[in-house]
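Student: For the sequence shown, the positions run -20 to -1, 1 to 252 when mature numbering (1 follows the signal peptide of the UniProt record, and there is no 0) is used.
Treat the hints loosely; a few may be bogus.
Dumping the calculated DSS-like pairs for lysine-lysine here, alpha-carbon to alpha-carbon at most 27 Å [what the hints assert, rightly or not]: (1) 189 - 221; (2) 79 - 221; (3) 250 - 164; (4) 133 - 221.
Pair by pair, the computed Cβ-Cβ distance ranges are [to be verified]: (5) 189 - 82: 39 to 45 Å; (6) 105 - 202: 25 to 31 Å; (7) 202 - 131: 27 to 33 Å; (8) 137 - 86: 35 to 41 Å.
Note that these hints are calculated values from the structure, not bench results.
Ideal placement from N, C-alpha and C gives every residue a C-beta, glycine not left out.
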Amino acid sequence: MWAWKISFHFFIVCVSLVYANVGAHIDWENCTDAADWCAARFEKFPRFCVEKVSNYDKLDCIYTCGLCKQDATPKCVISLGESPAESIEISRGMVITEKCGIGYRSLACGNPMRGCTASGTLTVSAFNCREICPGWIHNPVNQRYYKRFYTQKNYTDAQRDCEAQDAILVTIHDENEQRFVEEKLLKCHGHTKYPFDNELWMGLNISWKGGQHYDNWVDGFNASYVNFAVGQPDNFWHREKCSTMLRNGFWNDYRCYMRLDYICKKPASKCV
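Put together the whole structure using the sequences plus the hints.
Tutor: See the structure below:
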């Protein structure tokens, strides 16, 4: 008794990851095809494709194990993108398991496990995913979401607007996060001649004592990682208690009443 077991990984239209678990060419003395609703059965007992169990002929989903020696078996077409060329064919007897990609969650409807039927269609309902935070940029490393806002506000109003969206002004806790914000929220918005043009508010509060500055994030953490520009912070005119990110990615201290763009940040748990 032998079997071929193959696994495929694809993207489908709803931006799900598809795992197609394929068992093919099972060599039974009497190969039988029965019901086409095998997905749930296969999920509970996937090894029935490679183990001949007692009362095997009572299992309704033998076709899941493969082509059953039929070369002209029906095919199911699985879309991998918007173009017709972005698709694959799977044979009757193949089962796919769908999973939402990073930054997406499954809807209540649909079934993640589906089989290719005799009619050339997939069993049960299509599995659908939706973006977790539409309009926000996902960082897969820390599972946080970021969004730049172009409505200029002072520091306090910017923080209030972030809070109204279950977010905070952006915090930067390490070099990887700094690079992510630069790449996704700075570089894609053009370039200016002077780095101090178009500063953006960050959630870093600066206090001074005896000529020493103390930096604290709005999420309660001390700033163990900093990326201030040369000569910054300088507390110019003794009035700069808030912080900004410059167009070149470096940080600056600034007067809190100035009106600037800003970046908000929130965890996936705050996305609806």
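Student: What are the numbers of the hints that this structure violates, sorted from low to high?
Tutor: 2 and 6
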